[in-house]
Every structure is written in C-alpha cells, then in structure tokens.
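S.K.: For chain A, the structure is supplied; the task is to place chain B on it using the hints.
Note that the protein sequences, when read in sequence, are chains A and B. Heads up, the first sequence stops at 482 in the working numbering, and the numbers go up one at a time, no gaps. Heads up, the second sequence stops at 482 in the working numbering, and the numbers go up one at a time, no gaps.
Keep in mind that the hints were calculated from the coordinates and are not lab data. Mixed in with the good hints there might be a few duds.
Given that identical chains are not distinguished, each listed pair holds provided it fits within a single copy or across any two copies.
[Stated by the list, open to error] Computed list of lysine to aspartate or glutamate pairs in DMTMM-like fashion (alpha-carbon distance at most 25 Å, straight line):
#1 Lys-358 x Glu-274
#2 Lys-163 x Asp-267
#3 Lys-358 x Asp-303
#4 Lys-163 x Glu-436
#5 Lys-358 x Glu-405
#6 Lys-163 x Glu-451
What follows is the residue order along each chain.
There are 2 protein chains.
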Amino acid sequence: MAAEQDPEARAAARPLLTDLYQATMALGYWRAGRARDAAEFELFFRRCPFGGAFALAAGLRDCVRFLRAFRLRDADVQFLASVLPPDTDPAFFEHLRALDCSEVTVRALPEGSLAFPGVPLLQVSGPLLVVQLLETPLLCLVSYASLVATNAARLRLIAGPEKRLLEMGLRRAQGPDGGLTASTYSYLGGFDSSSNVLAGQLRGVPVAGTLAHSFVTSFSGSEVPPDPGLLDTYSVWRSGLPNFLAVALALGELGYRAVGVRLDSGDLLQQAQEIRKVFRAAAAQFQVPWLESVLIVVSNNIDEEALARLAQEGSEVNVIGIGTSVVTCPQQPSLGGVYKLVAVGGQPRMKLTEDPEKQTLPGSKAAFRLLGSDGSPLMDMLQLAEEPVPQAGQELRVWPPGAQEPCTVRPAQVEPLLRLCLQQGQLCEPLPSLAESRALAQLSLSRLSPEHRRLRSPAQYQVVLSERLQALVNSLCAGQSP
Amino acid sequence: MAAEQDPEARAAARPLLTDLYQATMALGYWRAGRARDAAEFELFFRRCPFGGAFALAAGLRDCVRFLRAFRLRDADVQFLASVLPPDTDPAFFEHLRALDCSEVTVRALPEGSLAFPGVPLLQVSGPLLVVQLLETPLLCLVSYASLVATNAARLRLIAGPEKRLLEMGLRRAQGPDGGLTASTYSYLGGFDSSSNVLAGQLRGVPVAGTLAHSFVTSFSGSEVPPDPGLLDTYSVWRSGLPNFLAVALALGELGYRAVGVRLDSGDLLQQAQEIRKVFRAAAAQFQVPWLESVLIVVSNNIDEEALARLAQEGSEVNVIGIGTSVVTCPQQPSLGGVYKLVAVGGQPRMKLTEDPEKQTLPGSKAAFRLLGSDGSPLMDMLQLAEEPVPQAGQELRVWPPGAQEPCTVRPAQVEPLLRLCLQQGQLCEPLPSLAESRALAQLSLSRLSPEHRRLRSPAQYQVVLSERLQALVNSLCAGQSP
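Chain A on its own, in the form it takes in the complex (with noise of 0.2 Å):
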C-alpha cells in the first residue's frame, strides 16, 4: 500500500512537528559534511510506569504511518529558513527538500509485546541527518501510545476477563489527536471498546455508548424519554429506575428488549447491587427473564481503586465506562520515552554522564527474551548485534544492571524480540490489524508470571547485557571519552 493510498496518511504526524534543536541539528551535522554518516539510534524508556514492572510496546503502526509518508513541503522549507540564521547555505536546504526515509531501516517491538526498561521499542539506522530529524516525532507517537496501552492493561488485570470495559475519555484528552490516540491504544492495552466514532470510523476499534444526562433533562415532566437508561439525572430511586422500569416493560410487550441502564454518580457498587435484586424481582413478577440480564453500566472517575471494587466477586455490574483515568494517565502522564544514539559510522556511542540514570547503551545492538520452562518471561538480553543469537537451553553468562560479577542462566526459549519492520524505507511484512495486536497482548500479559504482572511492588525483571556487551561498556567508561 503507497502512503498516498492510506486513508490515514494526510492525517500522519508532518515532518515539522519537531524540536527546532532537531533542525538547529541537522544543519550542524550538514555543515561539518556529516549528513550522510550511517548513524543508529535506540529509542526506549528507562522505567517502567505507574510503579509497575512492565509496559507495552504501542504507537508502531503511527510511526510506520508517519515515516513512509515524510517528506518536507516547500512551505515546509520556507518555514525552517525563517527561523534558522539567515546566513544559513541555501543548500542545505536542497538538501532538506529531497530528504526522505528511503534510507530509513527500523527494526521494532511487534505492538503489543511486553516491553522492559532499556529494551529498544524501535531501531532506527539511517543517514545521521534524517534519523536525527524524526527523533521528536517518533518519541511523540510511541510514548503516550505505549503509556495509555499500559495504563489500558492495568486496568483490564484489575477489571478481570468478565466486565466489559468501555473507553470514553475523550473530553478529557489533549486535542482531538490525543483522543483518538487515546481510543485506539487503550483498545490495544485491553478495552473492549470506546465511544469515540472517529476512532471506530479511522482505527477500526469497536464503538459503544450510552446517553448524557442532557438527553434525559431535555424532556419535560409530562414526556417520557424514548430510549432510557441514565438513572441519576433526577434520582434513581424517586424517577429513574422506576421509569425504566415503567417504558422497559411497556416496550418489552412490543417486543423491544432494553438494553441497560447507567449509573453516573454515587455509590455505584451498591447500586448496582439494589438494582439487579429489583430486576430479579420484576422480571420473576411479570415473567420477563430477560429483565433479569439488563445490562448495569456505570461512569463517574473510575481509577484503579474505585475499579477494583466494582470488580469484586458478585458485583452486578456489567460494563465500566472510564474516561480521565485511563486517557491522562494520572498515575504518570508521560513515559519519558528517549531516542539516543548508539552508534555512528559504523563505531559505538555511548553517553557518559555525571548521572548514571542517564548514561546508555552503545553499539547496534540484538534483543533476546529468556523463556523458562513454563513459557513465562525471566529476563531479557541484550547483545551486540555481530554476537550469535542465544540458543534454548544453553548457559548464558550474563550482567545485571549495577552487577559486580556476571551470572549464568540456562533459558528453556529464546525469543528474539526485534523484527526488520522497514528496510530502506520499505514495508517489509504487513502490519498486524488493531485487533492482532490487542490479542497479542492479552496473550503476552498471560504469560508473564504473577510477582511480574503485580501491579504494586511487583518483581522487578531484569534486563542484563551479555559478556561481549558489557566488556563494550567498561571500556567505553574506562576511557571516558569515546
């Protein structure tokens, strides 16, 4: 499929959507005759969020989106030149218009794996200058993704298999995109559907609603609202459910069946539980079984406490409707995604700070996930990318983070973690769907082992370097200067 043929791509993230130090950049890789060196950078995050011990690798198929697609308008240029020295050499900017990501070779996280700190999500190699250019732009679309698929899943282990969850947090996001992102990536992360149309109309993700209190209130007192199910405008136990009950029972003789109720403000557990026995009761004294069945939607700032009571063993209720908390991410609104360099002409960088939370890893680099016998995640690996794969079964002598010695691991499988996504700019398999992607998810979170997937205080998993690898950065640092 060309870009011009995706129905999406006019809407992909635009080439200037980027930090003008990129741009500042590019023109000082350009001038020292360093805009084609054959440069390597790892984008990745350092901690997992929401004091979990796992993410979700989520935003891929926007990036794949965004760089088939990235080219620099002539408006574009003009643009840069207004903002960049006047002296700059008209040809540079040349330069600029004929770049694209022809050169551009991505190796990825698939959407929905497991994702750990210091793992890259996304490899990207290519001419130093361009690769330099879509550091902004891809950080942009893989952090938030990755971040609100997390939160999404989070929120699915609390919720359990059962309740239906429903994504409706649109209002509350950052801009018509961030709410479509929002949509598409907590459907990824494990939500079973959201309200937002654009997201069904673009993404394909199952759309689902109920009604706003301003329908009901938009009725006088001598008309009955057609189509009921919001029981609190007025008083759910005065107006409401009486009501519903009322039309409910009135339509189900025409041979309508209702679909459910909503429930938007006070204690939503406990009434949902009055409201099922008065289901029961009705449907046992008019003989509508169905009645029994009616679906108990609830709303109202669900987090992850308030969520795991309306889970608790013999809630009535069906379907969870969450907007702020799983859209803002309130918990930690960023992922703190970065994009570092980790090898230039075909030679290793690393950076060596004061700090070492901020040092990183040099050299091209391959991703392993150690399997144990039960098929569940025990750490992953990292590699020079020239090392030879790990074999299943073999002992590995490998480093911890901060470890003073190495230690040995026999994995029962191996599972390379990074797939050739874009090879000099071209697709190379197609795309898994949305849905592809949301079941490998589920199916990955499955496998992980409980003290990992704990969602307070888990164990935390471990991400170790390989012998060649760490020997790499010791003398990297004994040199203090690459």
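M.R.: Structure of chain B alone, referenced to chain A:
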C-alpha cells in the same frame, strides 16, 4: 475568511470526533420530533485546576475553526449508519447529511480571560440535535487548552517576568495534536517560546531551541562540535565547560558570539551560579565582556517547586526549558469541563441530582465581573439573560453558592464577560491573534488580587447568583422535576 481558505481548516477536529452516545441521542431527538427545538448549552468547569483559585479560558479559536468547518461527509454518515440500529429510518441520515452550524450561535469568554467555576466559557445555542452533537468535540477543544494555559500561567507567576520560559514538551504530549495544542496554549498562558516547529509554522508561536546529547556524542574525541552548547553530555567541569570556553573564545576572535550554554542534569542552580563565575572571570581575563552575559539555559524535569528555586533572587539562570510538567499537567491532567443543557424550547432546564456537586444552573444567562475601586475583580455574577445589566456603583443583592441569605455588593466597575462570537454560524468579529490573547492573559492576571492569584491555599473567588436566578433555582428544586 471562508473556512476553505483557512490553511488549518483541514486540520480542524472532525465531526465524528465525538462520543457515540451523541449520535444515539441525536437519533432519539429526531425520532421524538425534537431535532430542531431551540436549545442552549453551557460549557463550564466546576473547580479550578491545581488547587488554585483561577483558570484561563482558552481553545476558542479551535472551536470556531471546528464549528465553521462542521459538516458530515458521506463517509461519516455511512459509518454512523453502520453503528446505529439497523432499522434506523434513512430520513435520519438525510437529516445528518444536511447538518451544519449555520444556525448555531456562540457567546464566549475571550481567550486569555480569567475563568471561574460555573461561569460559562461557551454558551452554545441552536437546534437541539446539532448543539448536542457538538458536546464532545467542544469539550475536547476547550478543556485541555484551558488547562495547559492555566498551568503555563502558574509557571509564569512562579518564574516572574524576567526569566525566559521555553516549552519543550512535544515528545511527552498525547500524540501530534496534543503537542501542537500544548505548545499553542502554553504560549498563550505566558511562556515565551516553544521548541515545536509546527506550532511556529501553523500558530505563529515563537520557536526556540538548543541541541541534544546525541549531537555531542556523534562527534568523536578528535573532533570538536562546531556549535557547542550542551555541557553535561559527558562532564560539565572536565569537558563540557572547558571545550565551550575554548571554542567560544576562538570563534569570538573571528567575530562570532556564543549564544548560550545548556545544562540538562545535576543541580542546575548551583551549576549555573558557578558557570557564571567562570564566565565573569574569563571575560575579565580575556577582555571579552560579552562572555559575562552568555545565556545559561537549564532543563530536566522542572516542576513548580524546582522552578521556584531556579527563579529565586540572584539566580544566574536565564532560560528555563520545561517539557513534561507543562504539557502533561501532572498535578491535574484534566480540567473536568462539562457541557450542560440550560434551556430548551425557551424553558429553563436543570439537572437536579442527589449529588449536589453535579447540579446545574438553569436558564439562558448573562455573566458579569464585578470590580473593586482598584480595578481588581471582586466576584463574578450570573443572572438571567433578560435581567437588566447591573450598573457600576449600584448596590446589588446576590447569592453566594450555598448561602442561606443574600449579601450585598457595590461594584466600582462592571464588565460583561461573554462576547458574541458566532451568530447563526457567522463570525461576528475577527478573533484576536494568539499574541493578543497572551497579552490579555497577563493583563488579567496582573489585575487579580494577590489572595486570589496565590498558587497555594488561595482565597476562593466567589461566583454569585442574582436574586432572580437564585429564585429560579429554588423553584425548580422545590418542584423536584422541571
């Protein structure tokens, strides 16, 4: 300016960027023969964000762009048909195909105005079906814009007028549009510039930037970066600062002046103080006075607390780059804006619920700011639209929220708050430029009394009701069903 000549119109929010339940309700209204009932909604928030006592109104320009371009395309209507009940009357979809905002009238708080709880940021009136459909997109466009503008205003108040504030949070935003919105409205709220080039191109936000660690690490030991600036990639004192001075002095002899240095880790204030001392000493020793005042730029997870320290008296920091904490508003990542029906068919409507926080104020209203003799706002007053405009110097009896009896106030000045913005779909006056709205925000904040402007534990700013509006509320509450 026609919508099709607006270069951003194609990027405007699309009509399907809405919650499914809006379409369900539209169908309900249409079935009940009420699609064209005259209706009025108010968009407001219930609590000021971040524990403060004020907010800034923002997002109006995006709403206007959206409303003027509002039109469901064939593909949109077809998608809606695919998610609404299969027996839906095709005439409903014909109705949708013909919809636009040519009968919609909007009054609004100008962008950059102070906004307080319960005072409408937007009053939207028109045919019930269409103004209901606008709920989600308008909330999406106003809530985050106002939140981030308010957040930026707080950071500006902490920084004081002298420090330059650079927004650099694109990579931490909720996708591309989240980033563009954040850059636009943090500028409106009081930042000086953004690193986001697209915000410069599309919105006229001043763009600024420095460079990244990767630029420094891309050069090996034998090369000298042509445009140094970032000091802490390896070590400030062992390599960053000595290299900077060597290059700055050498280039200085050729007539170039170094613009600044950037620190991105460690104790930023302490390093800035020490670096300034080195600059002063070197300026004296080498007789290059300009070196004394080279800009010191700092960044690295700067929040309100860290900013207060960097802005303290005697600080040698000149430019402060803030990303995550301005863009994601971690103290409170959503404003909680609501959009409530206040009148339909000329009759006031009110949401009377068991949760008093969620009650609404009925009727088509006017809003005024009552000012003291020093020009500082005393309180805002809501009254019914048909009441006479309050006069300066006149004693008014008003009802504070929850009060048992009215109080009196004699304002020295009275300002009407809501301006007619769109009348029957037509723009009534040109919107101010972004820079003009930014100036209004700073002016408005400067007039706010210190006890209301205080960021922690401020005095609450009162929004009071006129006697007639209070009487209407009382009568609707007494009836318990409008």
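S.K.: Each hint: holds or not?
M.R.: Hint by hint, here is what the structure shows:
In this homomeric assembly, Lys-358 and Glu-274 come within 25 Å of each other (Cα to Cα) only across copies, at 22 Å, whereas the closest approach inside a single copy is 54 Å. With identical chains, the CA atoms of Lys-163 and Asp-267 are at most 25 Å apart within one copy only, with a shortest distance of 18 Å there and 48 Å across copies. Taking identical chains as interchangeable, the C-alpha atoms of Lys-358 and Asp-303 lie at most 25 Å apart only when they sit on different chains, with a minimum of 19 Å there against 32 Å within one chain. Taking identical chains as interchangeable, the C-alpha atoms of Lys-163 and Glu-436 lie at most 25 Å apart only when both belong to the same chain, with a minimum of 20 Å there against 50 Å between chains.
Taking identical chains as interchangeable, the C-alpha atoms of Lys-358 and Glu-405 lie at most 25 Å apart only when both belong to the same chain, with a minimum of 22 Å there against 60 Å between chains. In this assembly of identical chains, Lys-163 and Glu-451 lie within 25 Å of each other by CA distance solely inside one copy; the values are 23 Å within and 47 Å between copies.
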